[in-house]
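Student: Please dock the two separately framed chains into a single complex, following the hints provided.
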Amino acid sequence: MANIIEVKHLTYRYQADDPRPALDDVSFDVHAGEWLAIVGHNGSGKSTLAKSLDGLLPFTTGEVTVGGIQLTPETVWQVREKIGMIFQNPDNQFVGATVADDVAFGLENRQIPREEMVPRVEAAMAQVGMADFAHREPSSLSGGQKQRVALAGIVAIAPDVLILDEATSMLDPQGRRDMLNLVRQLRAERHLTVISITHDIDEAAGADRVLVIDDGRLVDEADPATIFARGDQLIKLGLDLPFTAKLKTALRQRGIEPPATYQTASEMEEWLWQSLSNT
Amino acid sequence: MSNFIFGRYLPLDSVVHHLDPRNKLLLSFCYIILVFMANNPVSYLLIIAFTIGAILASKISLGFFLKGIRPLLWLIVFTVVLQLLFSPAGGHVYLHWAFVNITQFGLINSGYIFIRFLLIIMMSTLLTLSTQPLDIATGLASLMKPLRWVKVPVDTLAMMLSIALRFVPTLMDEANKIMNAQRARGVDFGEGGLLKQAKSLIPLMVPLFMSAFNRAEDLSTAMEARGYQDSEHRSQYRILTWQRRDTITWIIFVVVLAAILATRRW
Chain A
1 MANIIEVKHL TYRYQADDPR PALDDVSFDV HAGEWLAIVG HNGSGKSTLA
51 KSLDGLLPFT TGEVTVGGIQ LTPETVWQVR EKIGMIFQNP DNQFVGATVA
101 DDVAFGLENR QIPREEMVPR VEAAMAQVGM ADFAHREPSS LSGGQKQRVA
151 LAGIVAIAPD VLILDEATSM LDPQGRRDML NLVRQLRAER HLTVISITHD
201 IDEAAGADRV LVIDDGRLVD EADPATIFAR GDQLIKLGLD LPFTAKLKTA
251 LRQRGIEPPA TYQTASEMEE WLWQSLSNT
Chain B
280 MSNFIFGRYL PLDSVVHHLD PRNKLLLSFC YIILVFMANN PVSYLLIIAF
330 TIGAILASKI SLGFFLKGIR PLLWLIVFTV VLQLLFSPAG GHVYLHWAFV
380 NITQFGLINS GYIFIRFLLI IMMSTLLTLS TQPLDIATGL ASLMKPLRWV
430 KVPVDTLAMM LSIALRFVPT LMDEANKIMN AQRARGVDFG EGGLLKQAKS
480 LIPLMVPLFM SAFNRAEDLS TAMEARGYQD SEHRSQYRIL TWQRRDTITW
530 IIFVVVLAAI LATRRW
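So the protein lines, in turn, are chains A and B. So for the first sequence, this note's numbering puts the first residue at 1; every next one is plus one. So for the second sequence, this note's numbering puts the first residue at 280; every next one is plus one.
In short, the hints are calculated from the structure, not lab data. Among the hints, a few may not be true.
[Stated by the list, open to error] Simulated restraints, written as ranges between beta carbons of each label pair:
hint : chain 1 : residue 1 : chain 2 : residue 2 : range
1    : B       : K430      : A       : S169      : 42 to 48 Å
2    : B       : K430      : A       : Q174      : 50 to 56 Å
3    : A       : P113      : B       : G465      : 38 to 44 Å
4    : B       : I527      : A       : R184      : 52 to 58 Å
5    : A       : Q253      : B       : A491      : 45 to 51 Å
6    : B       : K430      : A       : R184      : 34 to 40 Å
7    : B       : L351      : A       : R184      : 54 to 60 Å
8    : A       : R190      : B       : S510      : 26 to 32 Å
Positions of the beta carbon are idealized from the N, C-alpha and C atoms, including for glycine.
If we strip away everything but chain B, and leave its shape as in the complex, we get (with noise of 0.2 Å):
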């Protein structure tokens, strides 16, 4: 668990790190749609630079952004194959043998698909290590505000979504002591068949379910006993604060953005 680097948080003082999370949410969306507008060498190495840009202004080592991708290496290299081999006839066949057909059209596609999943993961792991998740919680909630319109609950799940995230780490530690406890009671965990391992996590899943289902117990007292009604009828402690900054990382963005569209050949 300790070496899987996607949705952790790495506290660095940088102008990545100090950027609207509502911003950076917004621009990773928009940054993966711009990814697949890129179709040329041209504009691909206008998005690769942008990309290094970023990571260099957040100050994280590139380490964590090649860690981030180890998980994943594996369906990548399967999909970067796969369109190697049975890509469509186009452009000067290097090979062609029964079904399998390496031409050149191919191998350009599958050198592009390798980069678009760098870039994309490269981003998403930016955006979750220079971002809080309790920040990331606050900006998905306020990013879903217009959907109160179409009569989504949206501060009801703003407000079940910070709680969730305040509870992640007090499960784990649950979770934890059980597993010790019931290995100190003689349970082996993660040993022998399939059928096996899977029988040995029933004694940690009900004892978690039963305490998960006390302390919702315990916490629904506790925010009725101090005011708590529903979460429409609430002011806001935090809040997110739209800088200059925040305004500037857009029109670099807009700027590479009408430079792709430029070079894209349509």
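In isolation and in its complexed conformation, chain A is listed as follows (with noise of 0.2 Å):
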């Protein structure tokens, strides 16, 4: 697969004479239409990396390119092009007045003519589930709601990257899923590239690959099953464990003997009903 991002030894720091970078030399790769998780506790330096990407922070060092286009202070709005982010805070990123007003947002930022808007605006209210609430005002939509429609302002405007940057830290269970269920349905229908940077673990088992950050600095990159089957690593670094890894660690304190590897839900369900008719 071709890489759509590539960043070599990204440095930021948020002071000129920090002495430790909030990014310390990051290097990696995002293939097209790949599902990458990046995690790490807080503080450690993921939200300033989700930020450097689209150029909302201007690093110190190192070279970050977008689609074949190396960012710089020159091509930063090319490179915006390309990326849709979503952040943390429903509330504080819904800029329009009412739902259609925000999911228009991004479009007449781009001067698109208003005849091509109107029928932009309300396919992407309606593939998000938005259409009923075209006028409702944010205040009387709940978190899960608000974040939907800063789905659909995305989705307005097709861009080839989407990056959430903890887009479900502040939502409940609910809405977190359906939130990641639409993300997954987008990604198979337009061929997304997603970033989803983010401290629940659920949300990154589903992944592609998983980088995992710490103290500013990759310390690992592998795919979930591999990540998440150093179980202690994880811990020390500040993380949780996936629901699966728990139970593991449950079962072997009772000295019951689960396989090594990591296993998703259905796995371990599976594994546990062939031991008991084993036995």
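Tutor: Below, the structure written as structure tokens:
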């Protein structure tokens, strides 16, 4: 697969004389169409990394290339055309006065004529299931609904890359599941590349690849199964374990030895059934 | 706060509700000038008939307008009484005592002032009750467009107005939450002397300010990420359309204006 984003030796300091950079020599590639999860504890530099990719934070040294365009102060708006971002707080990123206005905001900025804007806004709202809420004001929407509107705003401008910067961290479990299902569905339909920055370990478990970041450094890079097999190491990095890994630890404490590799909930269920029917 | 009617929107389905907000703003503005043009019983009757017609067309019950007047009642009474007691000599003098002077002219004038207050408050209440704040903002922005020629940043002002309006309920919620959080920690709001009350506002104001800064920071990042460069080079999703009913209101208005000018005592 071709790389859509290439990051080379990215270093970022919030203050020029900061001895400990927020990002320290980070290099990685993102393949077109993949779902990449970036995990790390609070303050490990995840959000700084996300904002650097979109040119929202001017990094000190390093190189970022998005879809063949190198990120510089001159190309920053071209790069932003390719990237859609959803942030953590649903309230603070809702610009429009109503749902439809908010979905149209990105299109207005691109000077899309109104005749073209109206059908695109309607289609985007329908796609995320918010068509009935078109004239509602943000104060009458739930957190999950607001994030869906944010997603509709991204759908309307159809970027190549979607960055979720802890987009589900302020939602309730139901809203979080809905949101992730929606992103999965969009990704399948539109060949989106998704970068989800999260400390929700279940969200990371659904990704194609996981990057683990600690104190501004990239410490690990593998598929979720490999990453989550390293149970103790994750806890040392201040991360949580997925539910099945926790279950395995509890089983080991009771003298039952489950397989060492990572298993999803259904695989774990299968294994439990098998081991019970064998005895 | 809940019985404060001025500036609230009442969603109803009427002709007045469906008028172009630009039209309503302009009409209200011209109406105020019209009220000051009237200076005899006939012209006042005309303008009262026009106002009642507008109120009936809006299908809003009269009770809301009376509630709109209530907070301003003291101002009206104060002005009318002042006008009544200290008007210059003219016409028949009913009472003369020291510098208090109740005359025929004073009586008529204070009556007129009372009606003027009533009419202007009723019409502005009608404007806010029948128009969504958002539409008022869009209408204002659209009406300000000519100011571009004198280098007023109209688009930026419109964007600011729209964001400010959008965040009013959000910040109200936040203020309530902070108040309750501080109450739970033992702060007494609205109690004690003036100084103590003012002091108790600090634990509300400071967190509210800080959170507003955080919101502004987040919002500007999100706007930039969504391609916002400046407010001038943007297309518009929300547009206002001038319809036939808007033209009709102006025809009625011009007729009333002409009638008032004709009957006015110059």
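Student: Now, for every hint given, state plainly whether the structure supports it.
Tutor: Results for each hint:
1. K430/B with S169/A: 42 to 48 Å: The hint (42 to 48 Å, Cβ to Cβ) holds, given that K430/B and S169/A are roughly 44 Å apart.
2. K430/B with Q174/A: 50 to 56 Å: With a Cβ separation near 51 Å, K430/B and Q174/A satisfy 50 to 56 Å, so the hint holds.
3. P113/A with G465/B: 38 to 44 Å: violated (57 Å)
4. I527/B with R184/A: 52 to 58 Å: holds (53 Å)
5. Q253/A with A491/B: 45 to 51 Å: Given range 45 to 51 Å: holds, Cβ gap about 49 Å.
6. K430/B with R184/A: 34 to 40 Å: violated (50 Å)
7. L351/B with R184/A: 54 to 60 Å: holds (57 Å)
8. R190/A with S510/B: 26 to 32 Å: Holds, since R190/A and S510/B (Cβ atoms, about 30 Å apart) stay within the stated range.
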